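Engineer: As you go down the protein sequences, you meet chains D and V in turn. Residue numbers for the first sequence follow full-length UniProt numbering, so the first one is 1 and each next one is one higher. Residue numbers for the second sequence follow full-length UniProt numbering, so the first one is 1 and each next one is one higher.
Treat the hints with care, since some could be wrong.
[Claimed, not checked] Distance windows between CB atoms, simulated:
#1 162(V) to 318(D): 51 to 59 Å
#2 204(V) to 134(D): 48 to 56 Å
#3 261(V) to 290(D): 51 to 59 Å
#4 14(D) to 254(V): 26 to 34 Å
[To be verified] Here are the computed lysine-lysine pairs in the DSBU-like style, where the Cα-Cα straight-line distance is at most 30 Å:
#5 123(D) to 64(D)
#6 262(V) to 123(D)
#7 100(D) to 87(D)
#8 102(D) to 181(V)
#9 262(V) to 87(D)
#10 258(D) to 282(D)
#11 106(D) to 181(V)
#12 129(V) to 100(D)
#13 87(D) to 181(V)
Rather than coming from a laboratory, the hints here were simulated on the basis of the structure. Everything numeric in this text was worked out from a predicted model, so none of it was measured. From the three backbone atoms N, C-alpha and C, an ideal C-beta is built for every residue, glycine too.
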Amino acid sequence: MHIEVRNLNKSFGDFHAVQDVSFEIEKGHLIGLLGPSGGGKTSILRMLAGLETPTSGDIIFHGKRVNDLPPQERGIGFVFQNYALFKHMTVYENIAFGLKVKKQSKEQIRERVSTLVELTGLKGFEHRYVHQLSGGQRQRVAFARALAPEPQLLLLDEPFAAIDAKIRTELRTWLKEMIERVGITSIFVTHDQEEAIEVADEIMIIGKGRLEQKGTPWEIYKNPQTPFVASFIGESTIVEDIKVLKGFDAALSYPGTKALIRPEYIEIGKPGEIRLQSATVKATVKALHFRGSEWMVELLVDNVKLITYRSLEKEVLQPGEQVSVLVHRAYLFNDNDSWIMENSLKVDPMPIHI
Amino acid sequence: MTIRRTWIGLTYIVFTLLLIIPLIEIFTGSWADGWSGFIEGLTRKQSLHALQMTASIVVVVTVINTVFGVMLALYLVRAEWIGARMKRLLNSIVDLPFAVSPVIGGLMIVLLLGPNTVIGAFFEDSGFKVVYALPGMILASLFVTFPLMVREVLPVLQEIGAQQEEAASTLGAYSWYTFWKVTWPSIRWGVIYGVVLTVARTLGEFGAVLVVSGNIMNKTQTATTLVYQDVENFNVVEANGVALVLAVFSVGLLLLMEWAKKRKEVH
């Protein structure tokens with residue numbers, strides 16, 4: 001289903017939960033609504049489902065305005081955060097609910113439910129009650145139940161929040177595969193960027209009720225359009241005083257400009273390890289933290305703290321040690337503008353032409 | 001140790017004095033003239049009438065209280081068109097009958113709907129007697145029992161939350177279907193418990209009904225007010241007989257209540 005949202009607003013009393021949100025979603029896409037808790041993501045999802053009424057704005061499915069349609073008429077499937085399974089019903093009855101409402105024949109219902117049970121790997125659990133299932137199984141039931149009436153749009157509210165970390169990754173892949181196989185347009189809400197990046201075709205970043213940016217995970221990572229997006233996606237440290245960074249002098253002409261530096265923008269080395277010595281600054285290793293597959297290094301450049309990672313293969317650093325730091329690029333922003341800048345000194349001062 | 005034993009012993013003594021001895025007393029009292037005396041006391045015209053009166057009040061009050069109690073609980077928890085402040089107000093009004101003495105409750109009905117009031121006169125003129133008749137007694141019992149159902153169902157609704165109902169709506173089910181298939185199975189043991197409480201309270205209601213009914217023999221007399229009158233007239237055997245019938249019902253309800261409570265906890 002093709003979805004369009006225009007100038008959507010929602011207020012709860014004085015609280016403006018969703019502000020002027022507009023977007024379009026292509027048929028068959030899997031979209032992640034990503035943002036911090038309380039940012040209005042769930043409100044957007046609930047308005048799409050018809051569980052909440054927008055204060056103003058239009059919701060358009062397939063070119064038709066659906067604002068005045070109740071949830072029953074919208075042709076959507078909704079997976080709730082805590083699944084909201086009918087606990088007095090068995091797995092079979094849960095999945096069959098939407099079909100019974102539609103007054104389908106017993107034969108049709110049995111067929112559809114068994115297809116879904118097969119698809120979601122719940123075979124053999126049809127006659128269990130909800131309290132006899134594990135978290136992952138409950139999620140599968142919720143998914144199958146939402147899909148049973150063949151909705152045009154699937155909405156998932158924090159679908160992995162209630163599952164423990166180990167199974168979560170497994171379920172993510174499973175859900176992405178399932179949605180691709182069914183080919184249904186889907187929107188899911190999450191506050192976990194890793195989850196959004198891994199699962200979604202496209203991400204919409206929502207902060208304080210506004211749509212900050214929409215794009216593929218790679219686009220958003222590479223080219224964040226607002227400081228909020230830049231700081232929300234990936235890891236980063238903000239450098240207030242960019243004078244300490246070498247190679248970004250051009251930015252000094254814009255007063256009030258700050259820099260956002262990601263760990264992967266930084267290269268460190270013992271004296272002599274980095275080829276472009278002229279572009280480096282001196283730094284002290286403040287602390288080292290072992291992170292399983294690499295070292296996280298805290299650096300001090302003139303009292304400005306930076307964070308980067310260092311491979312376990314390289315020589316181990318010691319706290320207090322002097323190192324050279326090369327900042328490859330920085331995400332710069334001030335009140336009016338934001339842009340990405342490469343280190344201007346990185347160009348080899350003495351290029352060798354062969 | 002000894003202190004604890006003393007307390008436990010004391011509890012048993014109080015329990016025996018307040019509950020067991022009176023029950024035995026009622027039982028032996030009603031058999032003082034043998035089986036025939038007991039039957040005679042119960043088959044008097046006024047006894048049969050009073051028991052029948054009580055039965056009809058119980059049935060009507062329970063039905064009305066169940067329907068409206070569940071409805072009000074649903075509205076107080078789920079309705080979005082009632083403002084938060086209004087809900088708080090309604091919520092505290094529900095408890096009013098707990099705070100007000102039943103006699104006062106009955107008196108309010110008399111003052112509002114008695115034959116000397118505007119509304120009462122209006123009803124009387126159209127041939128519908130409220131006070132000193134069955135409708136008034138039903139109203140009085142409704143007033144007294146009203147919080148029971150709401151207070152049983154409301155917390156259950158709050159606990160299960162609205163999500164299952166919302167899920168049903170996204171699956172295409174409208175409110176009536178959703179109520180019976182999704183909400184009802186979750187609240188039914190609460191409702192049954194509420195019904196038991198309502199029946200028990202209505203069976204035993206005395207003050208409010210006494211004021212509203214005027215206690216007219218063979219007309220507006222209920223089982224409890226008949227016991228009262230029999231005691232006043234020193235018809236001890238008859239009083240005990242009717243009281244025994246009420247006590248037997250109460251014990252039965254108590255057992256039903258225990259059973260319902262257990263089921264309520266399971267779900």
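Engineer: For a quick check of understanding: which of the numbered hints are violated here, in increasing order?
Structural biologist: Of the numbered hints, 4, 5, 6 and 12 do not hold.
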